[in-house]
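Participant: So you can see what is in the structure, the chains are spelled out below.
Number of protein chains: 2
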Amino acid sequence: MIEDKNPKRTPLSELGEFKLIEHLTKHFEINQKSTVKSIGDDAAILSFGDKETVISTDLLVEGVHFDLSYVPLKHLGYKAVMVNLSDICAMNAMPTQITVSIAVSNRFPLEALEELYAGITTAAKLYNVDVVGGDTTSSTSGLIISVTALGEVEKDNAVLRSGAKPNDLLVVSCDIGGAYMGLQVLEREKEVFKVNPNSQPDLSMYTYIVERQLKPEARKDIITLLTQLEVRPTSMIDISDGLSSEIIHLCKQSNVGVDLYETKIPLDPQVISTCEEFNIDSTTIALNGGEDYELLMTVSQEDYPKIKGNPNLTVIGYMTEKDKGMHLVTRADEKIAIIAKGWNALNNQS
Amino acid sequence: MIEDKNPKRTPLSELGEFKLIEHLTKHFEINQKSTVKSIGDDAAILSFGDKETVISTDLLVEGVHFDLSYVPLKHLGYKAVMVNLSDICAMNAMPTQITVSIAVSNRFPLEALEELYAGITTAAKLYNVDVVGGDTTSSTSGLIISVTALGEVEKDNAVLRSGAKPNDLLVVSCDIGGAYMGLQVLEREKEVFKVNPNSQPDLSMYTYIVERQLKPEARKDIITLLTQLEVRPTSMIDISDGLSSEIIHLCKQSNVGVDLYETKIPLDPQVISTCEEFNIDSTTIALNGGEDYELLMTVSQEDYPKIKGNPNLTVIGYMTEKDKGMHLVTRADEKIAIIAKGWNALNNQS
Numbered sequence: 006m007i008e009d010k011n012p013k014r015t016p017l018s019e020l021g022e023f024k025l026i027e028h029l030t031k032h033f034e035i036n037q038k039s040t041v042k043s044i045g046d047d048a049a050i051l052s053f054g055d056k057e058t059v060i061s062t063d064l065l066v067e068g069v070h071f072d073l074s075y076v077p078l079k080h081l082g083y084k085a086v087m088v089n090l091s092d093i094c095a096m097n098a099m100p101t102q103i104t105v106s107i108a109v110s111n112r113f114p115l116e117a118l119e120e121l122y123a124g125i126t127t128a129a130k131l132y133n134v135d136v137v138g139g140d141t142t143s144s145t146s147g148l149i150i151s152v153t154a155l156g157e158v159e160k161d162n163a164v165l166r167s168g169a170k171p172n173d174l175l176v177v178s179c180d181i182g183g184a185y186m187g188l189q190v191l192e193r194e195k196e197v198f199k200v201n202p203n204s205q206p207d208l209s210m211y212t213y214i215v216e217r218q219l220k221p222e223a224r225k226d227i228i229t230l231l232t233q234l235e236v237r238p239t240s241m242i243d244i245s246d247g248l249s250s251e252i253i254h255l256c257k258q259s260n261v262g263v264d265l266y267e268t269k270i271p272l273d274p275q276v277i278s279t280c281e282e283f284n285i286d287s288t289t290i291a292l293n294g295g296e297d298y299e300l301l302m303t304v305s306q307e308d309y310p311k312i313k314g315n316p317n318l319t320v321i322g323y324m325t326e327k328d329k330g331m332h333l334v335t336r337a338d339e340k341i342a343i344i345a346k347g348w349n350a351l352n353n354q355s
Numbered sequence: 006m007i008e009d010k011n012p013k014r015t016p017l018s019e020l021g022e023f024k025l026i027e028h029l030t031k032h033f034e035i036n037q038k039s040t041v042k043s044i045g046d047d048a049a050i051l052s053f054g055d056k057e058t059v060i061s062t063d064l065l066v067e068g069v070h071f072d073l074s075y076v077p078l079k080h081l082g083y084k085a086v087m088v089n090l091s092d093i094c095a096m097n098a099m100p101t102q103i104t105v106s107i108a109v110s111n112r113f114p115l116e117a118l119e120e121l122y123a124g125i126t127t128a129a130k131l132y133n134v135d136v137v138g139g140d141t142t143s144s145t146s147g148l149i150i151s152v153t154a155l156g157e158v159e160k161d162n163a164v165l166r167s168g169a170k171p172n173d174l175l176v177v178s179c180d181i182g183g184a185y186m187g188l189q190v191l192e193r194e195k196e197v198f199k200v201n202p203n204s205q206p207d208l209s210m211y212t213y214i215v216e217r218q219l220k221p222e223a224r225k226d227i228i229t230l231l232t233q234l235e236v237r238p239t240s241m242i243d244i245s246d247g248l249s250s251e252i253i254h255l256c257k258q259s260n261v262g263v264d265l266y267e268t269k270i271p272l273d274p275q276v277i278s279t280c281e282e283f284n285i286d287s288t289t290i291a292l293n294g295g296e297d298y299e300l301l302m303t304v305s306q307e308d309y310p311k312i313k314g315n316p317n318l319t320v321i322g323y324m325t326e327k328d329k330g331m332h333l334v335t336r337a338d339e340k341i342a343i344i345a346k347g348w349n350a351l352n353n354q355s
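Heads up: the protein sequence lines correspond to chains L and F, in order. Residues 6 to 355, numbered by the working numbering, are exactly what the first sequence covers, in order. Residues 6 to 355, numbered by the working numbering, are exactly what the second sequence covers, in order.
Excised from the complex, chain L in its bound form:
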């Protein structure tokens, strides 16, 4: 969060578009068998054989999805890739390729883009995806990142949002609410920094939740785990907007209801303690927080023995007939209707 006051600044106009693309993309390696031809032509060429191809795309806009005053560009590049890989994983598919397009205003020097691409390169390498194309252009204000991801899955093995059945178990990976509380901590530090620019933030108490916000991971490992356990979820979605919003998606698209148990929602101790510090109810955060990129799935009761006791998967409720509705069963054993209060990009407009 402390800027180098004299970083090297090479204006983008010094390079021109083609040299810039060449400069930024030269570190991208090709490792996927399905990549026939990568960056450098009108389009990339892919070859998927007998498998099915999944594709997903996301647009990240400065001032709406990220704030560069506390998000390092390298982390932003990493996160922009993760957001898309997470969607591929949520189809029960393995990510294979991405394209990355950016628009930048001339307030960004070359070194800033190098940082951004360093994060993209790290993400691509770690998740074994090939960067096969993109577009680099200018914007009149701020930074815009558009990523499209492709993945492959065995025929008929993709998991949709629409396959949940009554009595299926509702399961979430890892724990949730961390990314949102990390954001609260970062925003508080930003306010402190505005008042006293020489303040050095001590974030050591919040390392887990700050990392959940700045460096989320797509749960490709959970897809591998599910394959190993021989569990094919009946429906699946990634948690980008918040648990309640994602549960509603699954219920609506599957024509089912749900009973979600408050006491079962997995929360990291740092989420609980930070919620206490900020005087916020941790269940509210878990339901509406968003940006955790964990996987939310429904699993047939038959498969329960396979996932029972697995530290990566927590049963948090079960699906019901549609006419039973969508409910949270509270600690006090009361039933409250689940409503979506998830982060809504279109209400965040300035």
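It is worth saying that the hints were derived from the structure and are not from the lab. Certain hints may be false.
Any copy will do: because identical chains look the same in the list, a pair fits if it lies in one copy or spans two.
Unchecked claim - Under the rule of at most 27 angstroms between Cα atoms (straight-line distance), these lysine-lysine pairs were calculated in the DSSO-like manner:
no.: 1; residue 1: 269; residue 2: 31
no.: 2; residue 1: 199; residue 2: 56
no.: 3; residue 1: 31; residue 2: 340
no.: 4; residue 1: 269; residue 2: 13
no.: 5; residue 1: 327; residue 2: 42
no.: 6; residue 1: 130; residue 2: 257
no.: 7; residue 1: 170; residue 2: 195
no.: 8; residue 1: 42; residue 2: 220
no.: 9; residue 1: 31; residue 2: 195
no.: 10; residue 1: 31; residue 2: 257
no.: 11; residue 1: 24; residue 2: 327
no.: 12; residue 1: 313; residue 2: 42
no.: 13; residue 1: 42; residue 2: 170
no.: 14; residue 1: 130; residue 2: 269
Following the hints, put chain F in place on chain L, whose structure we already have.
Facilitator: Coordinates of chain F only, in the frame set by chain L:
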């Protein structure tokens, strides 16, 4: 170009993100056999069998790539799709699917987005491509459109930029320079409109070139024609930046030189007359104008009888050994080095 002063304006915040996506995407039809599952899940599912898949992506930014004071939103939607389909065609592939992401500031009401999507829908229908996904979000200023296109091509039939050989013929489809001169006319009218907002522009003399600017077409028909003629170009690229810039791409990536004949460059009479009116050299426009989205290709001498006399294909030069360099042979039979002065997005920054 004349606005309705009292159009209906529904604020986007009235709908929310999910309802907006539903509203904007409900007219997209699914016609491609390779589309297994379209919009409405974390990712779309595609299945390409034995063919190869090509993918291309472009980012269009308001104030950089388009000016809404003279580009109707419907045309913009159409053009955003064409720019990408053109890249797919330039691979000798047939476009099959697109994803469309947009970011909009709250200055745009719902009706504006409906116009934009009407153009996207028209383009998708006319070119028989399925819209299979996208992202809809807000921006802090202006409109940003990101389109990713997929296409398919028989195995080993894709045409790269790198396959040109010395003695191959340099061939361009249709005619060039129109889109750039159309832009000059529109920009002149905008200046007139600023001085006198009640002026009614008479564009009847410029219909062809204005349409080339506002409603370009991806030359999918040329790909079909080439298949019918049994001509597989040795290299190909679409003309987005200008003839000289694209020729340089082909030469550099194929390690060849070129002799381009000024007298052979196909120009529409309206381009010639408008160049005279604006007192600009028409060859300069053809070389540097851009945005025509015609196809530039190299064809083996053996295939010359197949393309000879075809009104859609004009031989404008031939490739040479690399050490001969890249030259324009002028009307006066002088040789001038070809240099790229194409439209450069990164120098256009405000």
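Participant: Each hint needs a verdict: does it hold in this structure or not?
Facilitator: A quick look at each hint next to the structure:
Taking CA atoms no more than 27 angstroms apart as the test, residue 269 paired with residue 31 passes in neither setting, with 47 angstroms inside one copy and 38 angstroms between copies. For the identical chains of this complex, residue 199 and residue 56 are neighbours neither inside a copy (52 angstroms) nor across copies (56 angstroms), given an alpha-carbon limit of 27 angstroms. In the homo-oligomer, the alpha carbons of residue 31 and residue 340 never lie at most 27 angstroms apart, since the shortest distance is 56 angstroms inside one protomer and 35 angstroms across protomers. Proximity of residue 269 to residue 13 under the C-alpha cut-off of 27 angstroms is found in neither arrangement, the shortest distances being 50 angstroms within a copy and 48 angstroms between copies.
Taking the closest pair of Cα atoms, residue 327 and residue 42 come within 27 angstroms of each other only across two copies (24 angstroms); inside a single copy the shortest separation is 47 angstroms, beyond that limit. Taking the shortest alpha-carbon separations for residue 130 and residue 257, neither the intra-copy value of 36 angstroms nor the inter-copy value of 29 angstroms comes in at or below 27 angstroms. When the C-alpha separation of residue 170 and residue 195 is checked against a cutoff of 27 angstroms, the pair qualifies neither within a copy, at 45 angstroms, nor between copies, at 59 angstroms. For a Cα distance limit of 27 angstroms, the shortest separation of residue 42 from residue 220 qualifies neither inside one copy, at 30 angstroms, nor across copies, at 30 angstroms.
Proximity of residue 31 and residue 195 under a CA criterion of 27 angstroms is satisfied in neither setting, with 35 angstroms inside one chain copy and 42 angstroms between copies. Proximity of residue 31 and residue 257 under a CA criterion of 27 angstroms is satisfied inter-copy only: 17 angstroms between copies versus 44 angstroms inside one chain copy. In this homomeric assembly, residue 24 and residue 327 come within 27 angstroms of each other (Cα to Cα) only across copies, at 21 angstroms, whereas the closest approach inside a single copy is 56 angstroms. Proximity of residue 313 and residue 42 under a CA criterion of 27 angstroms is satisfied in neither setting, with 44 angstroms inside one chain copy and 32 angstroms between copies.
Taking identical chains as interchangeable, the C-alpha atoms of residue 42 and residue 170 lie at most 27 angstroms apart only when they sit on different chains, with a minimum of 20 angstroms there against 42 angstroms within one chain. With identical chains, the CA atoms of residue 130 and residue 269 are never at most 27 angstroms apart, being 35 angstroms at best within one copy and 48 angstroms at best between copies.
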